[in-house]
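Just so you know, the sequences run in chain order E and H. Heads up: the first sequence at position 98 corresponds to 97 in numbering that gives the first Met the number 0, and the numbers run straight through without jumps. Heads up: the second sequence at position 289 corresponds to 288 in numbering that gives the first Met the number 0, and the numbers run straight through without jumps.
Worth flagging that the hints you see were computed from the coordinates, not collected in a lab. Each hint should be verified, as a subset may be incorrect.
[Unchecked claim] So, partial list: chain H residues that the calculated Cβ filter (under 7 Å) puts toward chain E:
no., residue
1, D75
2, R242
3, A260
Note that CB positions come from ideal geometry on N, CA and C, so glycine has one too.
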Amino acid sequence: MKKDEIPQDPSPLDKFTKEVCYAVNEKGEYETALSRGWQVKADALGITWEEVQQNIESARQKVKKGEASPVLYYMELNMMDLATLSAYTGFWQWTIKRHLNPHIFKKLSNKRLNKYAEVFNISTDELIRFSPPIKVDASPFR
Amino acid sequence: MKVEFKHIQAAHCENGVATNLLQHAGVHQMTEPLAFGIGAGIFFIHIPYLKISNGPAISFRSMPGTIFKRTCKALDISVERKTFRSKEKAQQFLDECLQNGQPAGCQVGVYYLPYFPVEYRFHFNAHNLVVYGKENDTYLVSDPIMETATTISAADLEKARFTKGALAPNGQIYFPKEHKQVSDEQLKKAIKKGIKHAAWFMAETPVPIIGTNGIKYVAKKIKQWPGEVGERRARTNLAQLVRMQEEIGTGGAGFRFVYAAFLQQAYRYLPNETLLEVSKEFTAIGDMWRNSAVQAAGIYKGRLSGQKEFDTMGNYLLEIAEKEQIAFRELLKIKW
Chain E
0 MKKDEIPQDP
10 SPLDKFTKEV
20 CYAVNEKGEY
30 ETALSRGWQV
40 KADALGITWE
50 EVQQNIESAR
60 QKVKKGEASP
70 VLYYMELNMM
80 DLATLSAYTG
90 FWQWTIKRHL
100 NPHIFKKLSN
110 KRLNKYAEVF
120 NISTDELIRF
130 SPPIKVDASP
140 FR
Chain H
0 MKVEFKHIQA
10 AHCENGVATN
20 LLQHAGVHQM
30 TEPLAFGIGA
40 GIFFIHIPYL
50 KISNGPAISF
60 RSMPGTIFKR
70 TCKALDISVE
80 RKTFRSKEKA
90 QQFLDECLQN
100 GQPAGCQVGV
110 YYLPYFPVEY
120 RFHFNAHNLV
130 VYGKENDTYL
140 VSDPIMETAT
150 TISAADLEKA
160 RFTKGALAPN
170 GQIYFPKEHK
180 QVSDEQLKKA
190 IKKGIKHAAW
200 FMAETPVPII
210 GTNGIKYVAK
220 KIKQWPGEVG
230 ERRARTNLAQ
240 LVRMQEEIGT
250 GGAGFRFVYA
260 AFLQQAYRYL
270 PNETLLEVSK
280 EFTAIGDMWR
290 NSAVQAAGIY
300 KGRLSGQKEF
310 DTMGNYLLEI
320 AEKEQIAFRE
330 LLKIKW
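Between the sequences and the hints, there should be enough to build the whole structure, so can you do that?
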């Protein structure tokens, strides 16, 4: 990449930094320069976020219909997969899979509910009642 | 308390941390490309069947900490490295380092890093930064991807140092144990070692999922994605590939350009024409990586669709892998 070819597209990067790029000058020597961002990357990030939002929304629907427990919704909201949630809660993955079942979720001990609430950064009451806003932005707790 | 510390921005966080820490320890010749080359940071692995956020597990970098470790080892500098079970002890140790005037490299997860914008905060645990001071309850931080030094509260830093999941940092902290000048002779030896290491891993590993063979493997997989997982999933897989490939300081094109810069700098110590030729080669390969990302973007943005486009994408990567293998083999053939 030549120095004048370094992309300078608006991107989410704008909000906090510019990124260092290595590129060649007219003499073919490498130098560093700053880039504002690249549309290709911004799009990849955008697609990934759309996916996150879709997962959250479909989880919300499932919980509303009683097909899944609130654990699924908050897991998606926090962008976790089973492995990550398992690492944070200390529960086995198969245990969490069981807890995704609303019937089993209803019978969970307070100790376990508290653990989930703590990891999801909400109150235990919020977790059980489950009334999230219809349209959510991912990770509104931030 | 505050340690005098020069913040240098870098293309890749671990290079940056290694460069900044080593310069602080007296290795004034250290630059980002040299750290990347000596530490053999260029790498590729695809782990089949493993899924990361529902997409393919692809990494363009080696395990966190290895660039720093290898660079120090090649320069014969001993390293302090610790992980912790207890958050209190982790903070205590960090504070002691700072009291002794020692800036410390820390592995952190980005999910809880408050100065990152929300868009970039995934559960990604292999970010690196240097802590170089503490004022009341705030730590002074040199994060290599930021333009300037920044700060973070003690509570946030603790969270970031103890994120969980894949590659959990467990409060990992590391720094060079000694203050040391390095001679150009030593540096030459280290450069050769780094080149051999990276070139062998990229071109000659007999494992089909590592190095250029790994890239070929993924290339073939990409062609099969639409049939195997459906076109929608295949598109998000490609977006994930591009994020791994091009996102802040990781991956495909970016790494090739840093490596090409490394070979140019290596030439200053070891004037061998092959280094410059291969450097040019890597510049061209880096541009090919960028083109492949543009092709991928066309697909995941929905401008391009159909099996044919996935085939084109796969062929891009096959061509890249082929060229890279040749380039690395050139490097292996050098008689120093």
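Hints versus structure:
| no. | hint | verdict |
| --- | --- | --- |
| 1 | D75 | violated, 27 Å |
| 2 | R242 | holds, 5 Å |
| 3 | A260 | holds, 4 Å |
Against the hints set out earlier in the document, a violation occurs for number 1 only.
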